[in-house]
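*Asks:* This is what each chain is made of:
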Amino acid sequence: MKWNVRTRCTLVCVAFIALFSIFSFRLVYLQIIKHDQYAELAAEKHGYRQPIYAERGAIVDANGEALAHNIPGRTVFADASLLKNRDAAIKLVSEALKIPTGVVAERLASSSRYIVIQREVPEEIALALRDNLQKQNVRGISLEHDTTRVYPNHSMLCHVIGFTDFDHHGIQGVEASMEQYLHGQDGYRHIERNRAGKEIVLYRGQKREARDGYQVHLTVDLHLQNIIENEIDAAMREFRPAKATIILMRPQTGEILAMANRPNFDLNLRSDAKPEQMKNRAVIDMMEPGSTFKIVAAAAALNEHKVRPDTTIFCENGLWNFGGRALHDHRPLGDLSVQDILVKSSNIGAAKLALSVGDQKFYEYIRRFGFGDRTGIELPGEIGGLIRPPQAWSKISITRIPMGHEIGVTPLQMTMAMATIANGGKLMTPRIVKSITTEDGRTIATFSPTVLRQVISPETAAQIGKALRGVVSDRGTAAAATVPGFTISGKTGTAQKVDPKGGYEKGKYVVSFIGYLPAENPQFVGLVVLDDAHTADPNLNYGGLVAGPIFSRVAEKAARYLDLEPHEDVGKQMTAERVALTNASRR
Amino acid sequence: MNRSRRKKFNTIDAASLARWIVITTFFALTGLIYVYRTIQLHDLATEKDRLEKEIVAVRKERDVASDQIAALTSRSALQRRLKEGYITMIPIAEHNIVRLSGNEIDAIRPVANQNAGK
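Protein chains in written order, with the numbering used here: chain A, 242 to 828; chain B, 156 to 273.
Since the hints were derived computationally from the structure, they do not count as laboratory data. From the three backbone atoms N, C-alpha and C, an ideal C-beta is built for every residue, glycine too. Watch out, some of these pointers could steer you wrong.
Residues on chain A that point at chain B, a partial pick, calculated with CB under 7 angstroms [stated by the list, open to error]: (1) 268; (2) 304; (3) 364; (4) 366; (5) 368; (6) 395; (7) 442; (8) 548; (9) 550.
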């Protein structure tokens, strides 16, 4: 068959039409029907969601001094699947990071695609390592963005500041409680990469900026903190206690001005610290408060108008049988006014004050002072203490609790109770965080003082405050706590140490002093607690003789720093040795 | 004769040619400008990237410098320096410190207790 030209042309045309139709259908199939699938594949191959890292916020003190901040670093990691020249990699990494070759070799023995060799490597060291790896054409070792959290004051304020884990999440202290503010929000941007893996900057896609963490401003003043840190160190050297706590607080606002505990640890070497060193004993340790708790019994009786400050109570000459058990005073005391019960720290007098208000009412006052509840301070792990309800009390509990036995309180709770007296009967919520701001100073949140409740009337608070002035005098138990030029209200405490197995440990005491100054216009409340202090003469292990002088030194320096004007010439401070001779301070 | 000879010449439609030249030139220029601009955009994007990296590097340097300042001026560092004798503190004598009263003109009031610190 012979095809003419026309037929041949038609056939060629048909063939072309058919061919291009197939192409067209294929194109439609690929570009429209399979568009999403192939777009996804292409995006997977060339597209990349690049993270933009947010920086964790800094923690600063009340004056803006840095307590915790970041420095840039890198995480050096290996991908075993890309690691061909293992020996060269081990040598280079070992030299750069100053890690023994054996350790690096051990880490690289894994077949994982993500082996962390070292975190928080300083930027310049990491970049130098990368250059060396590139020069020697060693593949499989990479760098990842990282930061190092640095605490410039090392162990100072360590329990309050806390620290972060490897992922930079706060796990203790303010680092943990303010995590939501400190932790920023990482951003991202969609980028495309060429065959060499380099970004094609022009084709940058959607972007979300990172939001850096906010700056947390504490109420703590580092100068005051420095004062108490030096004094607590001196106390540790002199008395070698197992534990110690000092707190300074502004009673009108509940702001913590300084807080120190021992034992402590260096925040920059936290991995070396033992759990015992990491405890913020001011909020998580429970102790029997001893005689400092007598202020609660006196406040309850005065506020309920069961007694007046000058009401005389017979203190049984130092021995009183109640409920079949003997209750002793440290020395025979006869008739004492309510004020003098506090000044002389009579156990029997305090017990009679509590009895005058009754079990239920006394329990109510204990709870109203905040005992048995967490204070709500912005520190993690706080405990509420241990207060049993009256139904669980024994017959003699009403006589033992007023002298600070049969109950467990935290040092912070005790400070708050004294602050209530100093603040006209108002119990404040303690605060350690002042405000949250951005790095450029824009305020995000402020934490204003919160009155929790009016525990006792201002008149009762004034009466107790007046009585407590007598404690810090030649007549009282804390003559060694005086600060010349200032009147101080305070109370000493000496409690036998509770044995975890039951009962009390013989010869071991928790000694404390809580006070405020100036008594007429309190600017700060201070608490000093030493657990199991060792004195040269075991008979001198009392709150007034051990904790009192420490308070005096702290208060004197703090008054100077706060520029408090001395109002009256109280006279010279008595030394602990001289006070010991007076025999009044032994409680 | 003249008429038939003239028929053998192809006449050039100058207006049409000019139109085509203009259109072609326009498209060619547009294409060239597009390519030039695209390359320029790539260059600018690369420059932007370089600047961003520089900003990040400067920020890192700032953080390192802030850390060094904090490390050298922190209380613990200063106390260590004080102990080592690199810095000294000269106490101000009591009689050199005065408090000027806010209420009374030229009145000097006590600033701290006279006995402490002796």
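*Asks:* Going back to the hint list, which numbers does this structure go against?
*Replies:* 1, 2, 4, 5, 8, 9
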